[in-house]
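Trainee: Modelling step: build the complete structure from the supplied sequences, incorporating the hints.
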Amino acid sequence: ETGVTQTPRHLVMGMTNKKSLKCEQHLGHNAMYWYKQSAKKPLELMFVYNFKEQTENNSVPSRFSPECPNSSHLFLHLHTLQPEDSALYLCASSQDKGIWRYEQYFGPGTRLTVT
Amino acid sequence: QQQVKQSPQSLIVQKGGISIINCAYENTAFDYFPWYQQFPGKGPALLIAIRPDVSEKKEGRFTISFNKSAKQFSLHIMDSQPGDSATYFCAASLQTGANNLFFGTGTRLTVIP
Numbered sequence: 001e002t003g004v005t006q007t008p009r010h011l012v013m014g015m016t017n018k019k020s021l022k023c024e025q026h027l028g029h030n031a032m033y034w035y036k037q038s039a040k041k042p043l044e045l046m047f048v049y050n051f052k053e054q055t056e057n058n059s060v061p062s063r064f065s066p067e068c069p070n071s072s073h074l075f076l077h078l079h080t081l082q083p084e085d086s087a088l089y090l091c092a093s094s095q096d097k098g099i100w101r102y103e104q105y106f107g108p109g110t111r112l113t114v115t
Numbered sequence: 001q002q003q004v005k006q007s008p009q010s011l012i013v014q015k016g017g018i019s020i021i022n023c024a025y026e027n028t029a030f031d032y033f034p035w036y037q038q039f040p041g042k043g044p045a046l047l048i049a050i051r052p053d054v055s056e057k058k059e060g061r062f063t064i065s066f067n068k069s070a071k072q073f074s075l076h077i078m079d080s081q082p083g084d085s086a087t088y089f090c091a092a093s094l095q096t097g098a099n100n101l102f103f104g105t106g107t108r109l110t111v112i113p
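Taken in order, these protein sequences are the chains called A and B. The first sequence runs 1 to 115 under this note's numbering. The second sequence runs 1 to 113 under this note's numbering.
Heads up, none of these hints are tricks.
Computed spacing ranges between beta-carbons, pair by pair: (1) A:Pro-8 / B:Gln-14: 37 to 43 angstroms; (2) A:Gln-95 / B:Gln-14: 35 to 41 angstroms; (3) A:Glu-53 / B:Ile-12: 43 to 49 angstroms; (4) A:Thr-113 / B:Arg-108: 20 to 26 angstroms; (5) B:Asp-79 / A:Ser-20: 43 to 49 angstroms; (6) B:Asp-53 / A:Lys-52: 32 to 38 angstroms; (7) B:Glu-26 / A:Lys-40: 18 to 24 angstroms.
The list that follows gives simulated cross-link-like pairs (lysine-lysine, DSSO-like), each with its CA atoms no further than 30 angstroms apart: (8) A:Lys-36 / B:Lys-71; (9) B:Lys-68 / A:Lys-41; (10) B:Lys-15 / A:Lys-41; (11) A:Lys-40 / A:Lys-18; (12) B:Lys-42 / A:Lys-19; (13) B:Lys-42 / A:Lys-40; (14) B:Lys-57 / A:Lys-41; (15) B:Lys-57 / B:Lys-5; (16) A:Lys-36 / B:Lys-5; (17) A:Lys-19 / A:Lys-41; (18) A:Lys-40 / B:Lys-68; (19) A:Lys-40 / A:Lys-19; (20) B:Lys-57 / A:Lys-40; (21) A:Lys-40 / B:Lys-5; (22) A:Lys-40 / B:Lys-58; (23) B:Lys-42 / A:Lys-41; (24) A:Lys-18 / B:Lys-42; (25) B:Lys-71 / A:Lys-40; (26) B:Lys-15 / A:Lys-40; (27) A:Lys-18 / A:Lys-36; (28) B:Lys-42 / A:Lys-52; (29) B:Lys-5 / B:Lys-71; (30) A:Lys-36 / B:Lys-42; (31) B:Lys-42 / A:Lys-22; (32) A:Lys-41 / B:Lys-71; (33) A:Lys-41 / B:Lys-5; (34) A:Lys-41 / B:Lys-58; (35) B:Lys-15 / B:Lys-57.
Keep in mind that the hints were calculated from the coordinates and are not lab data. Predicted model only: the values in this text are computed from it and were never measured. C-beta atoms are modelled at their ideal positions from N, C-alpha and C, and glycine is treated no differently.
Mentor: Rendered as structure tokens:
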């Protein structure tokens, strides 16, 4: 295992539901990321947190709301999603020190299906 | 626009053969070029990485070849094995900026016995 856990692993939700994805890292890292992975597309960075502070919001719709209560936990709150939001959502962590930022550790992802 | 272009989209190789995946980039500010390997049901995992001042890096059966002038790099898997069947992503990294890792679209490798 990579030291990054994600729950749930699978989630089916209707467009009017509210749900949350959870990520936890046990690596002592201080940067955490949310990515969206869709078939035949590059991994799309959604949010970056460094030392619990959000430093990047990659033009993500407001129906996705991140929360980082401490450097080990990251949440993605979902509401009023669209079918095109169905994808694998990956959490990752890394050191936030220059050269080591390329070395990201990923969780197994949450497979989200919006009906 | 897509920062890193990867090809082919899929690749089928016989066991024992050489698998080759290619990537190209435009931004000369990139300072690290990692490759990630992803098995079904798992997240991507760092496989090997190279700095732009090195032309080749080898770790076991995996080799990165880097051509700085052409802004291209490739992953070679020697003596490919069925256990290497996975999706491979090239990426390019920046030391500065919050968005620091740019991925290619991935190559699904299948190694047949």
